[in-house]
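Line by line, the protein sequences give chains A and B. In this text, residue positions in the first sequence follow our numbering: the first is 1, and each later residue adds one. In this text, residue positions in the second sequence follow our numbering: the first is 1, and each later residue adds one.
No lab work stands behind these hints: they were computed from the structure. C-beta: ideal position from N, C-alpha, C; glycine also. Be careful, since some hints might not be right.
[Said to hold, decoys possible] So the derived label-pair ranges between C-beta atoms look like this:
#1 Q355(A) x S5(B): 31 to 39 angstroms
#2 E229(B) x V323(A): 52 to 60 angstroms
#3 G124(B) x R352(A): 22 to 30 angstroms
#4 Q378(A) x A138(B): 32 to 40 angstroms
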Amino acid sequence: MPLRAKVASSVSRTAAALSRAAGRGDGSVIGGWIGLKIDPDLLAHLAAGRAIALVSGTNGKTTTTRLAAAAVGVLGKVATNSFGANMPTGHTSALAKAGSTPYAVLEVDEHYLAQVLEATEPHVVALLNLSRDQLDRAKEVAMMAQLWRAALVRHQDIRVVANADDPMVVWAATPPPNHDHRINPPQVTWFSAGQRWHDDSWVCPECGSTIQRSGDQWWCTGCPLRRPQPQWTVEDDGVLDPTGAWHKVSLQLPGKVNVGNAATALAVAAEFGVRPVDAVSRLSSVTSIAGRYAQVERDGRLIRLLLAKNPASWLEAFDMADVAPTLLSINARDPDGLDTSWLFDVDFSPLRGRQVLITGDRAYDLAVRLDVNEVPFQHVRSFDEAVRAVPPGRLEVIANYTAFQDIRAELDRVN
Amino acid sequence: MSTESLRIVWVYPDLLSTYGDRGNALILARRARQRGLPVEVLEVRSDQRLPATADIYLVGGGEDGPQALGAQRLIADGSLHRAVAQGSVVFGVCAGYQLLGNSFFAKGTKCAGLELLDITSDRGETRAVGELAGDIDARLGVPPLSGFENHGGRTHLGPSVSPLARVTAGVGNDGASEGAWRGKLLGTYSHGPALARNPALADLLLRWATGIHQLPPLDDTWPDRLRSERRAAVAAARA
Numbered sequence: 001m002p003l004r005a006k007v008a009s010s011v012s013r014t015a016a017a018l019s020r021a022a023g024r025g026d027g028s029v030i031g032g033w034i035g036l037k038i039d040p041d042l043l044a045h046l047a048a049g050r051a052i053a054l055v056s057g058t059n060g061k062t063t064t065t066r067l068a069a070a071a072v073g074v075l076g077k078v079a080t081n082s083f084g085a086n087m088p089t090g091h092t093s094a095l096a097k098a099g100s101t102p103y104a105v106l107e108v109d110e111h112y113l114a115q116v117l118e119a120t121e122p123h124v125v126a127l128l129n130l131s132r133d134q135l136d137r138a139k140e141v142a143m144m145a146q147l148w149r150a151a152l153v154r155h156q157d158i159r160v161v162a163n164a165d166d167p168m169v170v171w172a173a174t175p176p177p178n179h180d181h182r183i184n185p186p187q188v189t190w191f192s193a194g195q196r197w198h199d200d201s202w203v204c205p206e207c208g209s210t211i212q213r214s215g216d217q218w219w220c221t222g223c224p225l226r227r228p229q230p231q232w233t234v235e236d237d238g239v240l241d242p243t244g245a246w247h248k249v250s251l252q253l254p255g256k257v258n259v260g261n262a263a264t265a266l267a268v269a270a271e272f273g274v275r276p277v278d279a280v281s282r283l284s285s286v287t288s289i290a291g292r293y294a295q296v297e298r299d300g301r302l303i304r305l306l307l308a309k310n311p312a313s314w315l316e317a318f319d320m321a322d323v324a325p326t327l328l329s330i331n332a333r334d335p336d337g338l339d340t341s342w343l344f345d346v347d348f349s350p351l352r353g354r355q356v357l358i359t360g361d362r363a364y365d366l367a368v369r370l371d372v373n374e375v376p377f378q379h380v381r382s383f384d385e386a387v388r389a390v391p392p393g394r395l396e397v398i399a400n401y402t403a404f405q406d407i408r409a410e411l412d413r414v415n
Numbered sequence: 001m002s003t004e005s006l007r008i009v010w011v012y013p014d015l016l017s018t019y020g021d022r023g024n025a026l027i028l029a030r031r032a033r034q035r036g037l038p039v040e041v042l043e044v045r046s047d048q049r050l051p052a053t054a055d056i057y058l059v060g061g062g063e064d065g066p067q068a069l070g071a072q073r074l075i076a077d078g079s080l081h082r083a084v085a086q087g088s089v090v091f092g093v094c095a096g097y098q099l100l101g102n103s104f105f106a107k108g109t110k111c112a113g114l115e116l117l118d119i120t121s122d123r124g125e126t127r128a129v130g131e132l133a134g135d136i137d138a139r140l141g142v143p144p145l146s147g148f149e150n151h152g153g154r155t156h157l158g159p160s161v162s163p164l165a166r167v168t169a170g171v172g173n174d175g176a177s178e179g180a181w182r183g184k185l186l187g188t189y190s191h192g193p194a195l196a197r198n199p200a201l202a203d204l205l206l207r208w209a210t211g212i213h214q215l216p217p218l219d220d221t222w223p224d225r226l227r228s229e230r231r232a233a234v235a236a237a238r239a
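Use the sequences and the hints to build the structure in full.
Laid out in structure tokens, this is it:
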């Protein structure tokens with residue numbers, strides 16, 4: 001590593017430690033920010049010599065990254081940005097802090113995938129899904145798929161592990177069709193993890209025709225784009241690998257969506273030569289991730305935190321949550337997106353019959369939505385008030401990004 | 001009303017539903033049912049024929065590609081034109097507002113609109129993203145518009161339409177006027193579930209569709225609190 005990069009890396013680690021000691025944050029962003037100021041190529045220098053996997057998509061990337069890091073850990077030490085700091089500053093911090101490791105599994109914000117591909121030259125990139133998220137500032141879904149595709153065309157040597165169930169991802173993962181219209185180039189490994197959300201992929205990104213669905217299958221009515229045959233699939237509470245062997249997945253994380261994330265993690269690890277039979281037991285070591293799924297007891301209430309940032313992830317959260325009193329908290333600060341329109345893309349009716357409490361900066365937007373949805377609720381001004389309003393026992397908390405961080409801070413930054 | 005029940009058509013949810021547009025159908029249906037009016041909501045996908053005899057048509061927002069495709073299909077289908085000729089109500093939001101006009105721009109190309117509203121849309125230099133507020137045309141008798149906008153278009157109104165509102169915050173059509181209306185056709189840049197923050201506008205559409213001039217009042221505690229909170233937020237941002 002050049003001297004400048006060494007200095008930058010060292011200062012980066014120190015700043016991260018200071019940030020944590022001062023209680024200002026996880027230190028997972030500030031360290032990288034300072035390091036990159038000293039050496040703009042620091043991320044590339046830190047990445048050099050490591051076999052790297054990148055994990056990107058709208059939803060599930062933090063959890064899948066943690067699961068993949070656990071699976072790749074069969075082979076040796078793995079650096080990872082497990083705090084969910086998923087932009088280049090976070091990657092820089094994570095690699096600097098980890099020191100020399102043979103492997104790294106990095107979660108990447110979908111907007112930064114092209115840049116991080118360039119800087120880290122990964123061995124494999126996992127593409128999970130693309131759906132509407134913070135649309136007031138995020139790229140529209142089709143534009144994001146186009147950006148991914150353009151980035152991957154420049155890196156055709158990279159292995160891709162991609163979601164066969166998401167037409168936008170399939171299109172992004174396959175370079176422009178050649179003369180014989182083959183759309184399944186050999187370097188892509190397809191997985192199927194089940195997908196509840198379909199509302200962002202009714203129109204073919206290739207030709208603009210309607211996409212038809214029937215059961216698991218989907219196909220474009222106007223061009224050859226269709227669901228590729230997945231090599232990795234979820235079956236019951238386990239994963240079928242490309243050889244047809246089934247592996248039971250025992251997780252400490254709730255919901256079917258996390259069995260799908262486990263399938264993806266095993267597929268990523270397999271690209272490094274890890275056999276699923278050797279990795280699958282390690283997945284149960286993953287508990288909560290930066291507070292997500294964390295369970296905390298307070299005043300006799302067993303509080304569980306679920307992060308839901310966009311319509312697709314709300315649907316998954318309702319599936320994970322127990323039938324128990326539920327607090328919903330919504331903010332619309334910069335990291336959340338300023339627009340709350342997406343609340344009407346979520347059907348809250350699964351919450352009928354549960355005691356529902358609402359809070360957060362934008363509780364009134366949620367109130368109007370629940371009222372229209374005929375879900376009775378109670379508005380509370382604070383997290384403490386919510387805890388007092390429910391009987392002892394389970395309290396599920398479902399919140400979007402900054403609302404989640406606010407509640408996590410109330411619970412002493414629980415991990 | 002055309003039949004026993006109020007028929008609401010959500011036009012092309014497969015194409016024109018980017019920002020919670022479903023909300024407008026849900027809100028209209030609920031406010032009608034709360035008045036004891038039977039309601040039927042039809043979601044008509046772009047590969048299906050649009051019925052020409054519904055009472056209210058909702059045309060929502062969408063990305064450029066789906067917007068252009070939606071306009072082509074609506075022109076080819078022709079049912080929306082027949083419905084308008086028979087006095088149906090049309091509520092267009094964002095991309096759905098633009099495509100009711102003479103022309104609009106999508107992916108850098110000028111596209112033909114439905115020519116139901118005398119408006120033309122082109123591209124602004126900047127994208128309009130943020131709170132949108134305005135004083136609504138007094139003839140419509142509804143309180144100020146409260147919404148959120150997110151669009152790159154600028155819309156110019158011809159002589160046969162009236163602006164929906166005079167902008168007090170945000171951009172709307174051009175920074176001065178927002179939306180347009182003529183007869184029982186109404187369009188706005190207040191995107192997505194625009195009626196969530198504007199229950200009086202929802203009731204205006206219901207009055208147009210049913211011909212009932214005095215709809216029983218509803219408990220609007222939550223929409224009213226939301227409107228006050230947004231009004232305060234807009235005022236605070238300006239101060």
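Distance restraint hint 22 to 30 angstroms, applied to the beta-carbon atoms of G124(B) and R352(A): For G124(B) and R352(A) the Cβ distance comes to about 43 angstroms; the hint is violated.
Given the hint of 31 to 39 angstroms, is the C-beta distance from Q355(A) to S5(B) inside that range or not? 34 angstroms Cβ-Cβ, so the 31 to 39 angstroms window holds.
E229(B) versus V323(A) beta-carbon gap, inside 52 to 60 angstroms or not: violated, 31 angstroms
Verdict for Q378(A), A138(B) (Cβ pair) under range 32 to 40 angstroms: holds, 38 angstroms
Checked against the numbered hints given earlier, this structure breaks hints 2 and 3; the rest are met.
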